[in-house]
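Visitor: Sequence:
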Amino acid sequence: MSERALPTKVSKQIIKCLVATWRGYFQAIKNGRAHPGKFLGKPKIPKYKNKTQGRNVVIYSCIISL
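Mapped onto my numbering, the consecutive letters of the sequence shown carry residue numbers 49 to 114.
Source of the hints: derived by calculation from the structure; they are not laboratory data.
Treat each hint with caution, since some may be false.
[What the hints assert, rightly or not] Here are the simulated lysine to any residue pairs, SDA-like style, with alpha carbons at most 25 Å apart:
hint, residue 1, residue 2
1, K60, G102
2, K64, P84
3, K78, P94
4, K95, Q75
5, K57, G72
6, K99, I63
7, K99, Q61
8, K57, Y108
9, K60, G72
10, K86, R71
11, K64, K99
12, K78, G89
13, K95, I63
14, K60, P94
15, K64, I107
16, K97, C65
17, K97, H83
18, K97, R71
19, K95, V67
20, K86, I63
21, K95, Q61
22, K99, V67
23, K99, T69
24, K78, V67
25, K57, G85
26, K60, Q75
27, K90, K57
28, K97, T69
29, K99, P55
[Stated by the list, open to error] So the derived label-pair ranges between C-beta atoms look like this:
hint, residue 1, residue 2, range
30, A68, N98, 19 to 29 Å
31, I93, K64, 13 to 23 Å
32, A76, P55, 23 to 33 Å
33, R52, N79, 32 to 42 Å
34, K99, C65, 17 to 27 Å
35, K78, Y108, 14 to 24 Å
36, K78, G102, 23 to 33 Å
37, G102, R52, 17 to 27 Å
38, K57, L88, 33 to 43 Å
39, P55, P84, 36 to 46 Å
40, K57, I93, 33 to 43 Å
The structure displayed is predicted, hence computed values, not measured ones.
For every residue, glycine included, the Cβ atom is placed at its ideal position computed from N, Cα and C.
Using the sequences and the hints, build the whole thing.
Guide: Written as structure tokens, this is what we have:
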């Protein structure tokens with residue numbers, strides 16, 4: 049499915065969630081360097097979900113469709 053098939057507001061919400069995920073990753077790396085005892089290992093980068101088994105939340109409300 050292309051992002052062009054989705055309404056603009058839905059695409060923007062997906063991008064916001066993606067940005068929050070990457071910010072959390074970089075924050076975990078920074079905290080891991082400052083406090084190495086907090087983590088059991090190095091944080092892994094966010095990955096794509098499996099096309100058949102992986103699912104993710106899409107924020108779509110009736111307000112967006114207006």
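Visitor: Look at each hint and say if it fits the structure.
Guide: Hints versus structure:
1. K60 x G102: Given pair K60, G102 holds - Cα atoms ~21 Å apart, limit 25 Å.
2. K64 x P84: 29 Å, violated
3. K78 x P94: 16 Å, holds
4. K95 x Q75: 17 Å, holds
5. K57 x G72: 23 Å, holds
6. K99 x I63: 19 Å, holds
7. K99 x Q61: 20 Å, holds
8. K57 x Y108: 9 Å, holds
9. K60 x G72: Cα-Cα ~18 Å, so holds.
10. K86 x R71: It holds: about 18 Å lies between the C-alpha atoms, which stays within 25 Å.
11. K64 x K99: 21 Å, holds
12. K78 x G89: 13 Å, holds
13. K95 x I63: 15 Å, holds
14. K60 x P94: 19 Å, holds
15. K64 x I107: The hint holds at about 11 Å.
16. K97 x C65: It holds: about 14 Å lies between the C-alpha atoms, which stays within 25 Å.
17. K97 x H83: Violated, because 29 Å separates the two Cα atoms, which is more than 25 Å.
18. K97 x R71: Cα-Cα ~18 Å, so holds.
19. K95 x V67: 13 Å, holds
20. K86 x I63: Between K86 and I63 the Cα gap is close to 29 Å, so the pair fails against 25 Å, i.e. violated.
21. K95 x Q61: 18 Å, holds
22. K99 x V67: Cα-Cα ~21 Å, so holds.
23. K99 x T69: The given pair, whose Cα atoms are some 19 Å apart, holds under the 25 Å limit.
24. K78 x V67: Satisfied, since the Cα-Cα distance of roughly 17 Å is no more than 25 Å.
25. K57 x G85: 41 Å, violated
26. K60 x Q75: 22 Å, holds
27. K90 x K57: Status violated; Cα separation ~34 Å.
28. K97 x T69: 13 Å, holds
29. K99 x P55: 22 Å, holds
30. A68 x N98: 19 to 29 Å: The hinted range 19 to 29 Å holds for A68 and N98, with Cβ atoms some 21 Å apart.
31. I93 x K64: 13 to 23 Å: 19 Å Cβ-Cβ, so the 13 to 23 Å window holds.
32. A76 x P55: 23 to 33 Å: 32 Å, holds
33. R52 x N79: 32 to 42 Å: For R52 and N79 the Cβ distance comes to about 37 Å; the hint holds.
34. K99 x C65: 17 to 27 Å: Given range 17 to 27 Å: holds, Cβ gap about 18 Å.
35. K78 x Y108: 14 to 24 Å: 33 Å, violated
36. K78 x G102: 23 to 33 Å: At 27 Å between Cβs, range holds.
37. G102 x R52: 17 to 27 Å: 22 Å, holds
38. K57 x L88: 33 to 43 Å: The hinted range 33 to 43 Å holds for K57 and L88, with Cβ atoms some 39 Å apart.
39. P55 x P84: 36 to 46 Å: Given a distance of about 44 Å, which is inside 36 to 46 Å, the answer is holds.
40. K57 x I93: 33 to 43 Å: 27 Å Cβ-Cβ, so the 33 to 43 Å window is violated.
In this structure, the hints that do not hold are numbers 2, 17, 20, 25, 27, 35, 40, in rising order.
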